[in-house]
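J.: Just so you know, the sequences run in chain order A and B. Everything in the first sequence is counted per the UniProt record's numbering, starting at 1 for the first residue and increasing by one. Everything in the second sequence is counted per the UniProt record's numbering, starting at 1 for the first residue and increasing by one.
Since the hints were derived computationally from the structure, they do not count as laboratory data. A hint or two may mislead.
Identical chains share a label here; the pair holds if one copy fits it or two copies do between them.
Said to hold, decoys possible - Below, computed lysine to any residue pairings styled on SDA-like, alpha-carbon distance capped at 25 Å: (1) K94 to S23; (2) K137 to R206; (3) K88 to H38; (4) K94 to W30; (5) K269 to Q254; (6) K102 to T187.
Number of protein chains: 2
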Amino acid sequence: MVPHLITALTGPINELEQRVLESMPAIERWFRLEWMEHTPPFYSSVDLRNAGFKLAPVDTNLFPGGFNNLTPEMLPLAVQAAMAAIEKICPEAKNLLLIPEKHTRNSFYLTNVQTLIRIFSMAGLNVRLGTLDDSIKEPTALPLPDGTSLTLEPLIRQRSRLGLKDFDPCTILLNNDLSAGIPDVLTHLHEQYLLPPLHAGWALRRKSQHFRAYEEVAKKFAKLLGMDPWLIYPQSVAVGDLDFSTGQGLDALQAQVDNVLTKTRRKYKEYGIQEKPFVVVKPDSGTYGMGIMTVRDAKDLEDLGRRARNKMSVIKDGQVVSQVLVQEGVVTHERMHDAVAEPVVYMMDRYVVGGFYRVHADRGEDENLNAPGSSYVPLAFAHSSHLPAPGEKPGASAPNRFYMYGVIARLAMLAASYELEATDPEAEDYA
Amino acid sequence: MVPHLITALTGPINELEQRVLESMPAIERWFRLEWMEHTPPFYSSVDLRNAGFKLAPVDTNLFPGGFNNLTPEMLPLAVQAAMAAIEKICPEAKNLLLIPEKHTRNSFYLTNVQTLIRIFSMAGLNVRLGTLDDSIKEPTALPLPDGTSLTLEPLIRQRSRLGLKDFDPCTILLNNDLSAGIPDVLTHLHEQYLLPPLHAGWALRRKSQHFRAYEEVAKKFAKLLGMDPWLIYPQSVAVGDLDFSTGQGLDALQAQVDNVLTKTRRKYKEYGIQEKPFVVVKPDSGTYGMGIMTVRDAKDLEDLGRRARNKMSVIKDGQVVSQVLVQEGVVTHERMHDAVAEPVVYMMDRYVVGGFYRVHADRGEDENLNAPGSSYVPLAFAHSSHLPAPGEKPGASAPNRFYMYGVIARLAMLAASYELEATDPEAEDYA
Chain A
1 MVPHLITALT GPINELEQRV LESMPAIERW FRLEWMEHTP PFYSSVDLRN
51 AGFKLAPVDT NLFPGGFNNL TPEMLPLAVQ AAMAAIEKIC PEAKNLLLIP
101 EKHTRNSFYL TNVQTLIRIF SMAGLNVRLG TLDDSIKEPT ALPLPDGTSL
151 TLEPLIRQRS RLGLKDFDPC TILLNNDLSA GIPDVLTHLH EQYLLPPLHA
201 GWALRRKSQH FRAYEEVAKK FAKLLGMDPW LIYPQSVAVG DLDFSTGQGL
251 DALQAQVDNV LTKTRRKYKE YGIQEKPFVV VKPDSGTYGM GIMTVRDAKD
301 LEDLGRRARN KMSVIKDGQV VSQVLVQEGV VTHERMHDAV AEPVVYMMDR
351 YVVGGFYRVH ADRGEDENLN APGSSYVPLA FAHSSHLPAP GEKPGASAPN
401 RFYMYGVIAR LAMLAASYEL EATDPEAEDY A
Chain B
1 MVPHLITALT GPINELEQRV LESMPAIERW FRLEWMEHTP PFYSSVDLRN
51 AGFKLAPVDT NLFPGGFNNL TPEMLPLAVQ AAMAAIEKIC PEAKNLLLIP
101 EKHTRNSFYL TNVQTLIRIF SMAGLNVRLG TLDDSIKEPT ALPLPDGTSL
151 TLEPLIRQRS RLGLKDFDPC TILLNNDLSA GIPDVLTHLH EQYLLPPLHA
201 GWALRRKSQH FRAYEEVAKK FAKLLGMDPW LIYPQSVAVG DLDFSTGQGL
251 DALQAQVDNV LTKTRRKYKE YGIQEKPFVV VKPDSGTYGM GIMTVRDAKD
301 LEDLGRRARN KMSVIKDGQV VSQVLVQEGV VTHERMHDAV AEPVVYMMDR
351 YVVGGFYRVH ADRGEDENLN APGSSYVPLA FAHSSHLPAP GEKPGASAPN
401 RFYMYGVIAR LAMLAASYEL EATDPEAEDY A
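Isolated chain A (complex conformation):
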């Protein structure tokens, strides 16, 4: 079944699509020059929201799960990109140690890990799985839906190297976002490549830093194309010193929500947009769509009930939320069988390797879709395996739309690269 997807077919995004297609060689060259100065994250996925009048990334994941949602047609692209990445980082590499999330009984997640193993084996590496779960003391088989299984092995740390029994890897790839903090076993690994670096994990990473970098990238790119950068970035402000359980800092939060709503209202007026602006309040670090709140009026924060405050205060792995990001909300006008859909783009090294639609039947167009009950439609992106055709009417061609999604997702990846440079604890200061 090929899903029927309704994309908003009018407004500024179509003009953007047109300009993006016309400027294809210039855009690709621009990226090429950026990658001469900056190192792309090893892999990433970006959630996009297409409002018809605006297209923006809302989440950039540096430990992407969900490779299981890519169609078989997309995997050769991932293998080729993995080859290019390995060639640059460690061409002599023989062994790759992959460290997945701890909650590894989820069969979708396990299939994601299986897909990653396949991609890196095809790219020329022996791949084995090491776990951060201390309760696993010996190799443990985890059954997969296709009847095969994965083997998780306990990590062995010897002085400055990390490995498994009879397995000394040159590169360690994390598919665990370190929300629970940085385990000792991963620190001071100076002889091996640890990818992504520790400061990319949610123990240290901040969304506000990412979106600050993204705003910079979006402005550069908008200048190249001669367009308003607001069309591709969500306004974002960080608010700290919060304690949802006592109510501390909620007034500052309210002020910033009002600030972002006011600015957004002004922009909507400029473009003649009839919709009601909203903001999304989310923890400045952390993932899995937890602790996220949609606010349409700053006053709504005044009578935030105990339940709502509890929901906001603690997220994945029991982390307490003391800083949030107040972000301009971007509605999604994409629909599949009346369900709200948002595109997710996957990248490896500096290449787009695939994507799919995240669809949620029970959520509104202004809500976060990365939540229980969401489903995935990899089919929708299968058309991305066709090259864009510059001649086609904007909005009419799936490959053209997907090319534009790939461009915006790569801007977010480039922002992640800027972000990781700025936050690198080992970076030397040449100033």
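Starting from the known structure of chain A, fit chain B onto it as the hints suggest.
T.: Structure of chain B alone, referenced to chain A:
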């Protein structure tokens, strides 16, 4: 319509397929290490023959036409590979000058050129076409089957740079194999990248040098896999000082044909192969399947009639043949609707980007298929967009078979790299 393709399902090639699949990470790493020492040709295509008991390349094209035969699903792989190639050679590149063959009225060839333009535009270059045809004095539109057109422009040479009117390229890509000799306009271009280099053209290139390099590569690879290298290379000997019109040198040719037939017969005996060996005699330089002869018995050369000798003596662009390659013939046991088929694999930089079957209804299994009347079935290779599955029975899975074809084709590409290093007139001698 999906073609029904019969591949020989028994014998040593299935063992080879098994070993290739099991050794996938080791093979990919081996290639990675080779590419650290050697530069892949910018692009290439390799004709393979699968005899069931033997799989070998029979032609390695460094100016591949036929990109029009790749399916749309394969093009993103080509774009990604082109991006990687450009990044390495000339990341600042803005303009690419593409020089096609002169006989550019053939609509299949023109569609090939159109596909190349598309690939390199998507990879971030402004592409324009310059022609070696002196009769074209101003921009000339050539209509394409899809209703659009290509514009050929006269070349402008200014001191050490080559370009078009208002177009100064950083890189010049040849899609013209220089069978007619090296035009002055292409010499001494020291400020620009000329790809592939002039000595890759048939004005200087010799098949015997390629197959000597291929034998070396095949032996290295066979050692890695612990197998007989004969299973993947055709024995080849060059014979020079020939004049087909006077009969000069035909006795030496006959001796070498007998020599290769005898060695092949010995190998067939070793493997219990019931077939009758044959050799293929082809010009040592040149392409387009011209001047090629199948010989089953050295005695047949004694009564070579005038017509056969005329056919052998002059090939593309009126070049006279004075040196030939005597090559062990490899039958093709692949069939599509009873027509003989051979796989052609396309590569860009060091990546396999696609392929198709060349099918010829009127030719025998021991004849050259690159001839008038051949057709192409890109569909058959569409399955190559699925990754190989190590678990599957050899010969049973199209992606597995295609992976093996990709490995052998890359060995031929690596041999071309060795060959171009050995024949580089500008190479310094460190001995």
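J.: Each hint needs a verdict: does it hold in this structure or not?
T.: Here's how the hints hold up against the structure:
1. Within a single copy, K94 and S23 get their C-alpha atoms only as close as 40 Å, which misses the 25 Å cut-off; across copies the closest is 12 Å, which meets it.
2. For the identical chains of this complex, K137 and R206 are neighbours neither inside a copy (33 Å) nor across copies (61 Å), given an alpha-carbon limit of 25 Å.
3. Taking identical chains as interchangeable, the C-alpha atoms of K88 and H38 lie at most 25 Å apart whether they share a chain (13 Å) or sit on different chains (15 Å).
4. For a Cα distance limit of 25 Å, the shortest separation of K94 from W30 across copies, 10 Å, qualifies, whereas the shortest one inside one copy, 33 Å, does not.
5. In this assembly of identical chains, K269 and Q254 lie within 25 Å of each other by CA distance solely inside one copy; the values are 22 Å within and 87 Å between copies.
6. For the homomeric pair K102 and T187, the shortest alpha-carbon distance inside one copy (18 Å) is at most 25 Å, but the shortest distance between copies (61 Å) is not.
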